[in-house]
Amino acid sequence: MTDTRTLSITVNGTQYTREIETRRTLADFLRLDLKLTGTHLGCEHGVCGACTVRVEGQAVRSCLMLAVQANGKSVATVEGLARDGNLSPLQNQFWEHHGLQCGFCTPGVLMTMEEFLEENPNPTEADVRDALSGNICRCTGYQSIVDAVLATAAQARGE
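Heads up, the sequence shown is in UniProt numbering, so the first residue is 1 and it goes up one at a time.
Don't take each hint at face value.
Said to hold, decoys possible - Pairwise CB distance ranges, derived in the manner of DEER restraints:
#1 58 / 5: 17 to 25 Å
#2 18 / 133: 29 to 37 Å
#3 126 / 95: 20 to 28 Å
#4 4 / 141: 41 to 49 Å
#5 154 / 23: 27 to 35 Å
#6 101 / 72: 31 to 39 Å
#7 37 / 83: 16 to 24 Å
#8 142 / 56: 22 to 30 Å
#9 17 / 125: 39 to 47 Å
#10 96 / 69: 17 to 25 Å
#11 3 / 143: 15 to 23 Å
#12 133 / 98: 39 to 47 Å
#13 142 / 4: 23 to 31 Å
Calculated from the structure, these hints are not laboratory results.
Beta carbons: idealized from backbone N, C-alpha and C, even for Gly.
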């Protein structure tokens with residue numbers, strides 16, 4: 001017999017209640033149950049960062065967190081960044097600076113950098129590179145990502 005629990009969770013501002021297996025990860029719940037496939041699964045060991053979402057504002061690896069651990073909490077995924085059909089400032093700068101290529105790592109990088117910029121509105125290039133160190137990208141070489149994050153911070157400061 002499979003152990004299940006009722007999960008009540010808010011994802012990107014929408015409340016969901018589902019009966020789920022207690023062993024289901026948050027990443028699998030988002031992808032399989034809610035069909036929010038922007039959260040990518042890369043390594044499934046918490047190393048690559050592709051599955052990063054924000055739980056109660058904190059960037060977390062959704063492949064390492066059980067969905068039941070998010071019960072009663074608010075989760076933000078990459079699908080929630082755009083508002084009213086408009087890209088977020090960070091997404092727009094990724095577009096402008098060609099901060100993505102294949103796009104596999106991009107959702108996790110965006111979610112990580114959203115939190116980073118909230119905590120550090122005036123980062124240096126070294127700060128951005130340090131914050132990015134938990135997200136693996138095999139395509140871009142990171143410079144375009146760094147440029148996009150720095151441009152977003154400058155734009156937010158009115159520069």
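*asked:* Of all the hints numbered above, which does this structure not satisfy? Sort the numbers upward.
replied: Numbers 5, 10, 11, 12 and 13 - these are the hints that the structure violates, sorted from lowest upward.
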